[in-house]
Amino acid sequence: MPRPRRLRHLLNAHSYFDFGRGVSSPTRLVERAAELGYESVALTDRNGVYGAVELHQAARRHGLHALVGATVALRDDADVWPLPLLAASRRGYATLNELLTIAHEQGGEVTLPMLETHATDLHALSGARAGAPSRLLAQRRFRDLDRILDRLAAIYPDRFWIQLYFGAHPDDLRRARYLRTLARQRRLPAVAAPEVRYATADLWSLHDALSCARLGVTVDEPHPERPRNDALAIPRPDLSDLTPLPDPALLLPDVLANTDALAEACRWPLLPDRLVPPKARLPEGVSAEEQLERRAYEALLTRYRGETLLTARARLEEELATVRALGFAEFFLAAAEITDFCHDRGIVASGRGSAAASILCYLLAITQADPIEHQLLFERFLHGGKASPPDIDIDIASARRDEVLAWVERRFGARTEAMVCNRITYYLPSAVQDLGRALGIPPETRDRLSKALGRQHRHHRPHHALEAEEIFREVLGDAPVTDQLLGLMRRMEPRFVRHVAPHSGGVVLGREPLMHYSPIQRSSGGIKLLQFDKDDVEALGLIKLDLLGLRMLSVFERTREEVHRLDGTWLELRDPPHDDTVWDAIQQGDTMGLFQIESPGQVRMSVQLQPRTLTDLAHQVALFRPGPIQSNTVHPYVARRNGREPVTYLHPSLEAVLAKSYGVILFQEDLMRIAVHVAGMSWSDAERFRKKVTTFEDEAEIRDWHRAFVDGAMRTRGCTAQEAQAIFDAMAAFRGYGFAESHAWAFGLHAYLSAWLRHHHPAAYLAAVMNEHPGMWPLSTLRQEAKRWSVGMAPLDVNASNVGWRVESDDGPGASGSWSGGGPRTRRRLRPPFQIVKGVADEVAREIVLERARAGPYRGLRDLYGRLAVPGEALEALARGGAFDTLQSRRDALFEARALHHTTPPGQTPLFRTTPPVPPLEALGFAERTVWDYRTKGLAESGVHPVDLMRRELLDLGAVPLARARDGEVRTGGLIVARQKPGTAQGFSFFVIEDGPDRAQVVVSPDLWDAHWKMLRDARVLIVDGVLQRVGRAWTVRARAVVGLGGPVEVRGYHYGG
Amino acid sequence: MMPRPPAAGRVARAALRDGLPARLQLGDGRVRDVVRVHDAWRVGNRWWRGETPSRHYLLELDDGLTLEVYEQAGAWHLERMLD
Chain A
316 MPRPRRLRHL
326 LNAHSYFDFG
336 RGVSSPTRLV
346 ERAAELGYES
356 VALTDRNGVY
366 GAVELHQAAR
376 RHGLHALVGA
386 TVALRDDADV
396 WPLPLLAASR
406 RGYATLNELL
416 TIAHEQGGEV
426 TLPMLETHAT
436 DLHALSGARA
446 GAPSRLLAQR
456 RFRDLDRILD
466 RLAAIYPDRF
476 WIQLYFGAHP
486 DDLRRARYLR
496 TLARQRRLPA
506 VAAPEVRYAT
516 ADLWSLHDAL
526 SCARLGVTVD
536 EPHPERPRND
546 ALAIPRPDLS
556 DLTPLPDPAL
566 LLPDVLANTD
576 ALAEACRWPL
586 LPDRLVPPKA
596 RLPEGVSAEE
606 QLERRAYEAL
616 LTRYRGETLL
626 TARARLEEEL
636 ATVRALGFAE
646 FFLAAAEITD
656 FCHDRGIVAS
666 GRGSAAASIL
676 CYLLAITQAD
686 PIEHQLLFER
696 FLHGGKASPP
706 DIDIDIASAR
716 RDEVLAWVER
726 RFGARTEAMV
736 CNRITYYLPS
746 AVQDLGRALG
756 IPPETRDRLS
766 KALGRQHRHH
776 RPHHALEAEE
786 IFREVLGDAP
796 VTDQLLGLMR
806 RMEPRFVRHV
816 APHSGGVVLG
826 REPLMHYSPI
836 QRSSGGIKLL
846 QFDKDDVEAL
856 GLIKLDLLGL
866 RMLSVFERTR
876 EEVHRLDGTW
886 LELRDPPHDD
896 TVWDAIQQGD
906 TMGLFQIESP
916 GQVRMSVQLQ
926 PRTLTDLAHQ
936 VALFRPGPIQ
946 SNTVHPYVAR
956 RNGREPVTYL
966 HPSLEAVLAK
976 SYGVILFQED
986 LMRIAVHVAG
996 MSWSDAERFR
1006 KKVTTFEDEA
1016 EIRDWHRAFV
1026 DGAMRTRGCT
1036 AQEAQAIFDA
1046 MAAFRGYGFA
1056 ESHAWAFGLH
1066 AYLSAWLRHH
1076 HPAAYLAAVM
1086 NEHPGMWPLS
1096 TLRQEAKRWS
1106 VGMAPLDVNA
1116 SNVGWRVESD
1126 DGPGASGSWS
1136 GGGPRTRRRL
1146 RPPFQIVKGV
1156 ADEVAREIVL
1166 ERARAGPYRG
1176 LRDLYGRLAV
1186 PGEALEALAR
1196 GGAFDTLQSR
1206 RDALFEARAL
1216 HHTTPPGQTP
1226 LFRTTPPVPP
1236 LEALGFAERT
1246 VWDYRTKGLA
1256 ESGVHPVDLM
1266 RRELLDLGAV
1276 PLARARDGEV
1286 RTGGLIVARQ
1296 KPGTAQGFSF
1306 FVIEDGPDRA
1316 QVVVSPDLWD
1326 AHWKMLRDAR
1336 VLIVDGVLQR
1346 VGRAWTVRAR
1356 AVVGLGGPVE
1366 VRGYHYGG
Chain B
84 MMPRPPAAGR
94 VARAALRDGL
104 PARLQLGDGR
114 VRDVVRVHDA
124 WRVGNRWWRG
134 ETPSRHYLLE
144 LDDGLTLEVY
154 EQAGAWHLER
164 MLD
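In order, the protein sequence lines correspond to chains A and B. FYI, this note's numbering numbers position 19 of the first sequence as 334, with every residue one higher than the one before it. FYI, this note's numbering numbers position 59 of the second sequence as 142, with every residue one higher than the one before it.
By construction, these hints were calculated from the structure, which means they are not laboratory data. If you're wondering where the values come from, they're calculated on a predicted model, not measured in any experiment. Yeah, the Cβ is synthetic: ideal placement off N, Cα and C, and Gly gets one too. Careful, some of the hints might be misleading.
[As the list claims (entries may be wrong)] According to the in silico footprint, chain B covers these stretches of chain A (three or more CB under 8 angstroms from chain B):
(1) 481 to 487
(2) 538 to 550
[Said to hold, decoys possible] Quick partial rundown of chain A residues pointing at chain B, CB under 7 angstroms, derived from the structure:
(3) Ser520
(4) Pro559
(5) Leu560
All chains should be modelled from the sequences, with the hints used to inform the complete structure.
If you want it as structure tokens, here you go:
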């Protein structure tokens, strides 16, 4: 018999944003609900509204109503009850956000008094199986039940609903009838709200497994919170798949009428039509638009002259008109306030990303690259049809980013500032860990499997697990658990969210308190976090600014300070002048320590491309990205630029867009320009197209855009279907990460500035690089490189070292600090800080320096130990690292350190000597001292290289020192300082070997790797037979044979891939 | 005289009406009508060991017996008798 009555609304659905308690995305829940004929879906994830925006967007697409809610954990003495809450209005939503914010502050739970003060415009359900009524009835605690129902009914007058549910458990039918009776007796309305935790019944095993992972049990261990069956899927509206029995109480007319009434009461639009900028600080009586124009025109006249001024003015007027039309003036002013603050405080900050294409940002000093000079595309940043807000990224010297964030919070208000969250989604390794733990796979086996997945499969989504089946079977064997694990993964949605974490820099500045939009929670590091990611925040009408820490900017800042300290010159760090000697060095591949162009690949690229302008450098920086690499852009670009290959285009119409990059797609803007110029798309469509084409995971995601592009190209430019397809394929191959042109310009500028500083102030620059360590090379390699820069290094010294790397100069000021300078350099040396010794914390280093300043130099280790409460381990490490070498022998110091450590409390000078006298000890030999230096500090200040210690052995084996090696067949060797096995290199791996200040990249073929991978993995020193080619500083050995040696020390170098 | 209760274990056959058991043939070979379905529920079982879900019913038979039976992968089983 068909059932006449149907449920129309799902009032208690949970998504994977319930983290281990739900397994479907909000989108999938809506899709399934729409298939079954529901009209509304309410999302009630625990302590969060993370999925609310996605739910609304999906509901809009499927013609459903999205209802916003969350489930709070109500603490009532010893009990904790889940209490689903639904927002009846935007005001109710703000109330809910405040309550959830409190819940996160209180360890995830709320109390009845908290509910009392946060009840406005909220409806409450009594909870499903784990709710108070069901549990208290089962425990026959009728008095407690009365009390809690009375309190909730009082807190939510006419808005507290008894929740009837059905989960196909024994007695559920009777329970639902009983709950309805209870509601009638207490004059409370009853609603039908089956608990939903996934879209379809086949997901129940995944739900069970993830529940186990959350609860810390394996599937073989029982737990009351584990699901018993597959009845938490979205039921058919007549509930026929939940129970074959007639007339469940959930479908009684009064219950259905109440359900309809509640669903209708909670319908309101979450997503606004317009974006809301933050409040900027404005002079009295001046509008934001007037203030913006005033600042921009003032700067225009100082930045441009002659004909360029006319061009710049026209561009500015165009941008201002767009900004006015979109109502973004205050946003630009707020961003400028932040960079103004940085400039005023001497904090190096620089805008990048698409904002660098805006003349407005340039004139407000948010960015530094001139968009007129470099012909940057404003439409990538902002255009009249823009559906999304402008993207302003500001890089800040990493060491001072917290200072800026603290000021932003003070300036814009603690309630109107927070960071967006990053959704951390499952990939194969994380899925192996969580699901493997649930299935009882031991941790070592899970780790082995994760490692075996390697770079090839590490970034695959779990639903593609079958592509790595061979590896799963290799590690797990053919045991049933392998099939179970693969089966569970196959069921996971592509972007299954595991947890959220702070975004690297996305700060939202609201006009009104941000809790109107989202709950605020703290990350484990204490960062205030919204529950939405950058796209959701945008959909909610908020605008984010990216305030990102960039170590290289700290290098610039520290270099400037050091130059000022040494020479009294203050470098402005803007517009470094063209300097042929700087470009000569870059062309030679002499780029160690420079921003973005110091890797072996970039060294080679510098030699091949011979960059001479900022344009060249911006292109070079952009070439080394996954987008250009995967779309095979790099080799054609180099060959065409160097005239070895003619410049060709897939279609003549592309010439207008790609002429500057020799016919290849290099920048994100190129995709937009092609979409507009070739396929006739609008700028807003082109922007959406670009986003989709560069981020899609499955072909199905871009099917519609594919068709639109091909049709558009045929219609607009008369392309044949094959030509249009070829252009689309080239664009789709750009998938992954490519730079915006404006962004590449900003980075190119940083790269040149770093080269300029390194060339003119090598000691100060090297000290800054040693302090901030922004790049890939270990300190020992930088120490060797210092020899080439004529920078010496003084030893660690308890009476001379500080808390940071410092430059010392015996011969007074001499180096010029101005842009126009560049006079002869003085011989300078670097002194390492105390923290270079492993085990010496910042605090200990600071205390040593302060005490020295307070009471004079130390007379020895015993003196220091008597004056300061230094931990014994740190004292021993300092002794071993040579901090007392100028006062006593290293072995003596170490003996004393150990004796004191075990007999005398630190910071005290006993009346009587408590330690035995130091016996006569043999002085450290040359080799032993070098090994101790490397082991304690990672380098030897003396400049001795580990290979020097085994020179005899290498010569005996016929290995020529790198410095003496010549092009052609060679046997040479060196210390391994970098290992790379990038996924884009078709099985080739790359090892950088070092011998003193000389380095060479060893190219290892896939065959050689397969034959010797274990030896290559474990070797410290490599002897290689092969063909050496040297061009500038790009030295490459194509290996025919390799032999690994142990070596006296291991350098923790750069490791990537494999 | 009370009828001898059927042996526990596999139920020989079950006839369904509207998705519910209407008649059962138990281990003693006798066919009994179901006069009332008191409850119905589902159990997921140990999916990680390849077990399939089962559907459980609490039934009252025409001879007064009340028992729980379940169907799993097309086969019917007697779980317990309540008398």
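Against the structure, the hints come out as follows:
1. Interface restraint, the stretch 481 to 487 of chain A with chain B: holds (5 residues with C-beta to C-beta distance below 8 angstroms; minimum three).
2. By the rule of at least three residues with a Cβ nearer than 8 angstroms to a Cβ of chain B, the coverage given for the stretch 538 to 550 of chain A holds, with 5 such residues.
3. At a threshold of 7 angstroms, the smallest CB-CB gap from serine 520(A) to chain B is about 4 angstroms, leaving the interface hint in force.
4. Of the supplied interface hints, the one on proline 559(A) holds, with its beta-carbon coming within about 4 angstroms of a beta-carbon of chain B, less than 7 angstroms.
5. Taking 7 angstroms as the C-beta contact cut-off toward chain B, the hint placing leucine 560(A) at the interface holds, the least distance being around 5 angstroms.
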